[in-house]
Amino acid sequence: MQLTLWTYEGPPHIGAMRVATAMSGLHYVLHAPQGDTYADLLFTMIERRDARPPVTYTTFRAQDLGRDTAELFKQAVSAAHARFQPQAMIVGASCTAELIQDDPGGLAKALDLPIPVIPLELPAYQKKENWGASETFYRLVRALAGPPAPRPAREPGQRPLCNILGPTALGFRHRDDLIEIRRLLDTLGIVVNVVAPLGATPADLGRLRDADFNVVLYPETARSAADYLKKNFGQPFTQTIPIGVGGTRRFVEEMAGLAGIDPAPGLDGPGSRLPWYSRSVDSTYLTAKRVFVFGDATHAIGIARVAAKELGFTVVGLGTYGREFAREVRAEAAEHGIEALITDDYLDVEAAIRAAAPELVLGTQMERHVAKRLGIPCAVISAPVHVQDFPARYAPQMGFEGANVLFDTLVHPLMMGLEEHLLGMFREDPEFHDGVGPSHLGGKSFETPADGAFEAAERAPADTPPTPAPVPILLDRAAPWSPEAEKELKKIPFFVRGKARTNTETFARERHLPLITLETLYDAKAHYGR
Amino acid sequence: MNAPVAHKPPCGGIDLRQEQGQRAVFCGLTGIVWLHRKIQDAFFLVVGSRTCAHLIQSAAGVMIFAEPRFATAIIDERDLAGLADANEELDRVVTRLIERRPDIKLLFLVGSCPSEVIKLDLSRAAQRLSGRLTPVRVLNYSGSGIETTFTQGEDACLAALVPDLPREPVAAAPSLLVVGALADVVEDQFLRMFAAMGIADVRFLPARRAGAMPAVGRGTRYLLAQPFLTDTARALDERGAHRLPAPFPFGAEGTTGWLRAAAEAFGVSEAAFERATAAGRARAETALAPHREKLGGKRVFFFPDSQLEVPLARFLVRELDAELVEVGTPYLHRGHLAAEIELLPSGTRVTEGQSLDDQMDRCRAARPDLTICGLGLANPLEAEGLSTKWSIELLFTPVQGYEQAGDLAELFVRPLRRRALLEV
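Sequences listed follow chains A and B, in order. The first sequence begins at 0 in numbering that gives the first Met the number 0 and counts up by one. The second sequence begins at 0 in numbering that gives the first Met the number 0 and counts up by one.
Here chain B stands alone, though its shape is the one from the complex (with noise of 0.2 Å):
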């Protein structure tokens, strides 16, 4: 029972395996926390129960915030007695809270696990109050642990999102879309890399202002900057945009491979993609080259939990010299890792889906160097010994391109230095 099923048909020239079990992972709802702050004007109010106002605030940690762009519509039990209308009851929550902030220009009214299992059905609430509301823009999404698994809550934002686009002219110039939320920093270098290559219309979804979101149509090419934006693509596709596969752009060579996907299909000379890239590919090699020293030979256990965890092995393997013991991964998108499983060696373990307590057994066993795993598992890890990083702060932390190329592998090398360094 310790070891997870040999997955068939074979991925590529991994050794795929899937496992069931208990999961040690966040619900949809955590990508509230970052997402609140990438669009500036939107308000997320979950509709679901106090256990999912305390995971957000306990998860989050972000009780620092004055008055934070989230809440919960806490349901009772009147709610659930049918003794008061779930949607009048919504309305009125929605009305304070739009009274209490005229600043908001969006508000995503966020599905959670109970409110999906007493059938809320939120879409219909969300055009009502659309209307009401107007300007204030309601839609609503899923954030529910039974359906979706830590970054699929951004994923199922952004397909919200997608159907409210405007609509590219039909005979529009093609434009660049980059999807999947960045911090602002890496999107200004990405623009001014794009620009250098003398590709000039380039959207982000989401945009950092709900007024500014990017138009779409058959003209839009686009790149996703996450692995795990599933329904997204699909929604951008159904608009009749295309995507452009790539590596993912996390470290030099992902960075690279994702920029020259764009450069393909924007017909950018190798000449004009050369003198855009050298000097970051040159800088992140920089950056990169005291990291690999400490890493090389490292051998690294990832626990699953934010499906960043392919493109990060790809990473550390290719770029750090580490080896691989094993990648969890909660879910693999075949289609869209596609260039990223080309790229990890032949036979690594990857482990789609999750048992905790086996996996936890495979890792003690293991003995890594360095263990990648949610909050919940890193102090009783290090507690046995095993150094570990926390994932939930690759989300967090600007990692992606050339300029944060260094920062992305200083994460790693962090909790090995630290250790290096106590005497205690």
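With the rest of the complex left out, here is chain A (with noise of 0.2 Å):
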């Protein structure tokens, strides 16, 4: 058993309803009990779908199950075929159902309905949403992909033909990053075949096979299917995720030179504002901002590398809860100097950013609930998600409109170039010191990362009743401040104070010394400096 108060990801159901859903002409039949209907308002609130998914569940009882559950799984497949008439239907089990053993394949495939019918093994008690989403998509792929064949050589003189593959519903920004790619794609003269699973149906899913090679935009949910497509048809696929200005030059030599045309019509073009906003004088603070970088693994790999090439900020953690990628976030991570967090307890990461210091968290709607309750700023870059991250305007994260996306969303959490010159300068101004936050976080107070942060209270919202704080999870003590030193550390502008105190009281740690002098004080600050 696992103690878990949040969840990064559902069940691996609800990957095959993310896949359900952005299909069309496909339905779901999930062998559920009525608790598990709550999934269909993920859909119709937090991405506002206009339709419920195409999903019925059987939402059996207790008083079924002395009875026959399988007969009541299979009169709501044959309603559900009647009721919707699918080109395809996927069937499956939910946690409780798997645990009834019903069959849920075998007793749709004997009712012999006249359209395929797929079962899905999704164990709810080991996996989880991604992988879910991962294991339907390639298992319609399979399924519908047709037999193995190899590639016919494209004729001279026809343009090259590509299958966009990964997007789902309820993604972090795929129906926008659909159009900045399919943008540059058209850019670049290559032609696209089929975009699955968002918008394909079961039939489009047998036209995959006509094209030249796949654009793998999130290989969480489409890699398994990309490896299928690669060994049966031929068909090679992008590594690259085009996420920053470096990751979309790269993208679009990759595919360039999967299509064998010239990359120079996609790299030519206006691109982005971002290289040029970030030599931008005003970006000069920028310089090494400390961040903290959690999500899933695309755009968790994908952000850092942002940060730290395209923005100068320097990433003092990086992480994700798909440890299906763990192994590539471990690689990024090594590439910035430091060891990546691999978990999906909520309270790891929460103690990791405390720990780091970070002056901007990017992170997934769990870090931005951490990042307020220790007072900093924060922008969310990865899914789970929340109605917010389905904006009415175009926003994508992917290409070079995604580049500029971002340069906006990672800097304005933070505070402008000449306001923290400014706080640097009167910092004992009555009216402009560090006990006043930054206006545009509410000008209130926060418990700060590094000052005090191991003795801080779980700060509540003001509305609920106060929460009396969790046990801290206490390090090492360093050792104590004298109080001159203590006295010179308020001297120092409370923006690089906290790192300041960590360093010196890790400075002091390593050496074993008793007490922090004035002396220890600037002896860390020549050491760290070097």
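Rather than coming from a laboratory, the hints here were simulated on the basis of the structure. All figures in this text were calculated on a predicted structure; none of them were measured in a lab. Note that CB positions come from ideal geometry on N, CA and C, so glycine has one too. One should not assume that every hint holds.
Covered by chain B, according to a simulated footprint, are these stretches of chain A (three or more residues, beta-carbon under 8 Å) [unchecked claim]:
hint, segment
1, 26–37
2, 119–126
Listed below are the simulated DSBU-like cross-link pairs for lysine-lysine, each with C-alpha atoms no more than 35 Å apart in a straight line [to be verified]:
hint, chain 1, residue 1, chain 2, residue 2
3, A, K371, B, K104
4, B, K118, A, K73
5, B, K37, A, K371
6, A, K498, A, K486
7, A, K108, B, K118
Put the two chains together into one complex; each comes in its own frame, and the hints tell you how they fit.
Pasting the structure below:
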């Protein structure tokens, strides 16, 4: 058993629903009790979809367990087929139905429906949402893509043809990424054959084989399917994720290579405003800002690169809740000289953020709350999603326009450069001191991650009764500060004070110093300033 | 197949039908969302799957709280394969939890579909842990979706509290117990009103803190504040308490009927009752009048959700002059709702149970002016041009009593007002 306050991912059948809901002409019959119908609201409320997901739940009850839940399942499949007339169906069980072992696949097969019925085995007690989406998409492709065949050579003069794989319902900015990537492909003269799962029908999956190669936008959901297509139809697929200017340029080059065309039209256009904005002098204050990045692997890796190489931040934390992609995230973390955090335990992530004392958190909705509590600015860069992550405006994360969006997203939560310089200059001003938080964060003073973080109580929102603090996680206690050293520390501008305090304490701890004196403070400064 | 089966024998003057099929309702775990706000030193630990954890955080939308007083002990394959002793695992999880949260005085182990199916005995676990964790009290109930629907979770939780309530001395004077989670502000209003009638000893279940739960005994007269408390009422009866039959305190008429039941049981004179309630009734009438203009003649369709449907339908039809197309309810307690059923217009179509697709067909065909439904259905129906009201808000908002009658009406009016405002 695992104690869970918040979960980053839902169970695997939610992943299957994300695929089914993205497609049309497909229906999902889920053997599940009534409580599982909450999943509809993820799509109708969070994503504001205008139709129920194409899902029929059997909603069996305790009284049915003594009778025939298998019969109930068969009736549900027949009724769904009759009512919705889908081109294909997927069938499976949620966590509870998995325990009663009714074999949805076998039962559905026995009905001998005139359409493909694809059974899903999604082990609810081992796997999670993204794995479920990937497995479902893979099973669909496997069942509907047709028999293996070598890829016919492209006729001379014919434009290259690709599929775009990965976007699903409830995906983080998938809607807009898709528009942006289609635009990029169009510039290069590459024709899109099928986009899947988003917007595809089961029949469309039968046409996947016509493409020359596959563009994998979200490996979390599409890598298994792309591997299958490569093996059976000889279609290579893209490895680069077009996040950031560098990512997008490499992506263009990779695609041009796969398509056998000139990448220039994709690279020579107006591109992104990010490089100039980042070089503009007002951005100097972004230099070496400490950022903590956490999310699904694709976004975490992509954003960490943008943060370090395109905005000049220092990545002090990088992690993912997606264990399937731990290797890739570890490799990226090594590039930043840090160790990756691979966990789906919200409390571990919170502890890691406190310990890293970042100046900016780039994470999911969960990290937004941690950051809010710690008074650190934050931007959301990955699922799990919230209704706010489906903005009305065009806001891709990918491609050149995505890079523009990222510049704004990553920089706006921070103080403006001039504001920060002024704070440094006037830090003793009674109306302009560190007790007054930045105006755009409400002007309130916050618990800062380094100043007293270990003693700090949880900060509950004002409208809820105060929640007493959980027992704080105690690290090795640093040596106490002498009054003079403490006083000197206060003279350091507050936005670097946290770092100074942490560094000094680490320095003292490593040397087993009994007391942090003025000397220690400046010794540490010299040590870390090298 | 589209027409639900007529109910036999007939139930009052209503046209009661029963329907079976796919349901679109939450399970009883959802009740944790409001119960943990109500009992301020209680923690709710669901013993279930990742789906349970995902359900609560999605349904609640409560990701704003610093650290919520609920969590899930997620059963994994090691527990199922018997590689780990589920009881030892549970003890370990609970110990970690209580260490983190020394402020917790009452811990509920909440059963789920998977824990019920694998027959994990949470009542024994609760007993064992209660002994080990003194002074923390550990109780258990089931919020599983194979046994409970949405608000039945609150019923199961309160029913679990009842055997544990202090015993009222035999010689104690009669006391009034109000049963069902109400907003604090509503409780305080009712307290003042009962005091004005001369009923001084009024208690609430659940209390705001674990240590302040009310005593019960033969002198206890109780009023249900919510229509879904079947098991709680049974448990209270077993403790010797007596239920006061009444309509539910929604709208002015319901509130008056509800207060009157207490007044009669405690020998309050008609004059004293009038004095205590006149101002509230007048204010409710003032607040309702403008809403009546907007809802009068409007045709309303209820999807089954919280079991509040019948009292709310009665309020809409009798105090706001709305018309009822269909009143869906997951379960109709004929006894507790007897007074409500009597107040519904003769021939009102009430459907118990659900067959989702058939019911949506009926709703589409009827084109009601306002549809009250769960969160999963609201936007799809809006997209088809129907005005909807999310039923869950009726549970989270203080709506009982005279002072809230206008607020309750406003919840129904708002979707219509909004639709009228929008030009695009």
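Comparing the hints with the structure gives:
no.: 1; hint: 26–37; in the structure: holds (count 6)
no.: 2; hint: 119–126; in the structure: holds (count 4)
no.: 3; hint: K371/A to K104/B; in the structure: holds, 28 Å
no.: 4; hint: K118/B to K73/A; in the structure: holds, 26 Å
no.: 5; hint: K37/B to K371/A; in the structure: holds, 25 Å
no.: 6; hint: K498/A to K486/A; in the structure: holds, 16 Å
no.: 7; hint: K108/A to K118/B; in the structure: holds, 31 Å
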